[in-house]
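Residue numbers (this note's numbering), protein chains in the order written: chain Y, 1 to 244; chain G, 1 to 244.
No false leads were slipped in.
Taking lysine-lysine pairs in the DSS-like style, the calculated list, with each CA pair at most 30 Å apart, reads:
#1 K131(Y) to K86(G)
#2 K186(G) to K171(Y)
#3 K113(Y) to K92(G)
#4 K83(G) to K25(Y)
#5 K183(G) to K244(Y)
#6 K180(G) to K162(Y)
#7 K128(G) to K83(Y)
#8 K179(G) to K171(Y)
#9 K131(G) to K83(Y)
#10 K92(Y) to K113(G)
#11 K244(G) to K183(Y)
#12 K83(Y) to K92(G)
#13 K183(Y) to K183(G)
#14 K83(G) to K92(Y)
#15 K179(Y) to K162(G)
#16 K86(Y) to K118(G)
#17 K83(Y) to K25(G)
#18 K92(G) to K183(Y)
#19 K183(G) to K186(Y)
#20 K122(Y) to K92(G)
Covered stretches of chain G (in silico footprint by chain Y; criterion: 3 or more residues with CB under 8 Å from a CB of chain Y, positions within the stretch not fixed):
#21 136-144
#22 174-184
To be clear, the hints were calculated from the coordinates, so they are not data collected in a lab. For each residue, glycine too, the CB sits at the ideal point set by N, CA and C.
Protein chains: 2
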Amino acid sequence: MQKYFLSDEAFSTKIISGDDAFHIKNVMRCRINDEILVANNGESFLAKITNFIDKDVTFEIEKEIIGNHELPVFVSIFQGYPKGDKIEDIVKHGTELGAYEFIPTLMKRCVFKLDPKKKDSKLLRFNKIAKEAAEQSNRDIVPNVIDIKNLKEINFDYYNVKIVCYEEASKNGELVEFKKAIKSLKENDRVAIIVGPEGGIDDSEIKYLESKGFVAASLGKRILRTETVVFYCLSAIGYEMELK
Amino acid sequence: MQKYFLSDEAFSTKIISGDDAFHIKNVMRCRINDEILVANNGESFLAKITNFIDKDVTFEIEKEIIGNHELPVFVSIFQGYPKGDKIEDIVKHGTELGAYEFIPTLMKRCVFKLDPKKKDSKLLRFNKIAKEAAEQSNRDIVPNVIDIKNLKEINFDYYNVKIVCYEEASKNGELVEFKKAIKSLKENDRVAIIVGPEGGIDDSEIKYLESKGFVAASLGKRILRTETVVFYCLSAIGYEMELK
Chain Y
1 MQKYFLSDEA FSTKIISGDD AFHIKNVMRC RINDEILVAN NGESFLAKIT
51 NFIDKDVTFE IEKEIIGNHE LPVFVSIFQG YPKGDKIEDI VKHGTELGAY
101 EFIPTLMKRC VFKLDPKKKD SKLLRFNKIA KEAAEQSNRD IVPNVIDIKN
151 LKEINFDYYN VKIVCYEEAS KNGELVEFKK AIKSLKENDR VAIIVGPEGG
201 IDDSEIKYLE SKGFVAASLG KRILRTETVV FYCLSAIGYE MELK
Chain G
1 MQKYFLSDEA FSTKIISGDD AFHIKNVMRC RINDEILVAN NGESFLAKIT
51 NFIDKDVTFE IEKEIIGNHE LPVFVSIFQG YPKGDKIEDI VKHGTELGAY
101 EFIPTLMKRC VFKLDPKKKD SKLLRFNKIA KEAAEQSNRD IVPNVIDIKN
151 LKEINFDYYN VKIVCYEEAS KNGELVEFKK AIKSLKENDR VAIIVGPEGG
201 IDDSEIKYLE SKGFVAASLG KRILRTETVV FYCLSAIGYE MELK
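So that you can see chain Y by itself, here it is in the shape it has in the complex (with noise of 0.2 Å):
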């Protein structure tokens, strides 16, 4: 069943309007008395839709879901920003593996040149697919993609878990640290990520790191690509935490 996040006035008025009432009336082709889900403020209920007026869709609670569909722990993706529209892959996949929130990090060998005209168009439509992503994979938040950040402008004190995947650590046949980190998390961690750009991480931001607390490692003995590092982090979170 499909799932909205629903604003505080949409969820308080039972009236939903915009991209989602559309949604609603003309791709999943609801009619008065079907069911849908709705979220707000992280929990989940089960609505009936109770008329169309106008654009708009109106519904009532019938009960609420209790199931937690997030991870035990909450994860940050600092993305080196990488080429293209490779980030929203990032963040539409990352939102179903469940990440806590994205940050776009500018790095060293970032070659993405930042439009200061076209950033917040763009954070609005980065902020959309992890909407969609966050409601098509049952999600009970939505994760946030918060504003493009320097590296060394990023106040790291708040993570209690602190991972940089470094590929140069796996051709000294590094192959512990990754897994050492992951099997240490309990309930409620803190955990940052740092994914480098294509062009990888600099050895002098790599030496800035450790001394913030981060912990270099590699995933394994295949180079893998900027996106396919993230999809790897929050599958093995998920596997170590999630499955019994």
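Chain Y is fixed; fit chain G onto it per the hints.
What follows is chain G alone, placed relative to chain Y:
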């Protein structure tokens, strides 16, 4: 360093032609005496470029590179044929993550319509994507993308571990089977993983596959898109078996 998988002919004559020669000259902008990696028949070598003759590149072998970049098991991905060009992403990222082969599979809920005229060119394209991804990710072999098959035409006797990824299982709170199967893997196991198309796997297909020795497994608490399922399975196998 970029790797090139060479045909037996190119490897024995020490002459690279076609796309690979173009890539060496025009993308990597190599010069005489530059080093590249060449692979043939599962073995990798450090090689030195000796000349550029017309559109061809000649080389000599410097030394064999010993280093296993393969997963310790053979994972065959039976992918319910998805819409659009998703299968290209599955082959690309699945190759980086270590899949042994891909078998596009026709299942009940596939909306894909096979155009017999385009089949051969599609298969050629998928195999080219696998080769490029294998080179970029430093694999020792290039995974095969095998001709499209109907689910019930496939003989699964060859495989000794058989998993069908089943979203409905997660609704019943099943979180045990996948990890149990992966944790029991032994070196050189032949693993069949079946992933449904967008619409999922039909109940009758699940029953059929269970009768063939498959275990139906959920991949956690969220609903994953078909392509994300492949990334998750291969990442989890790499995490479990390759990291220490």
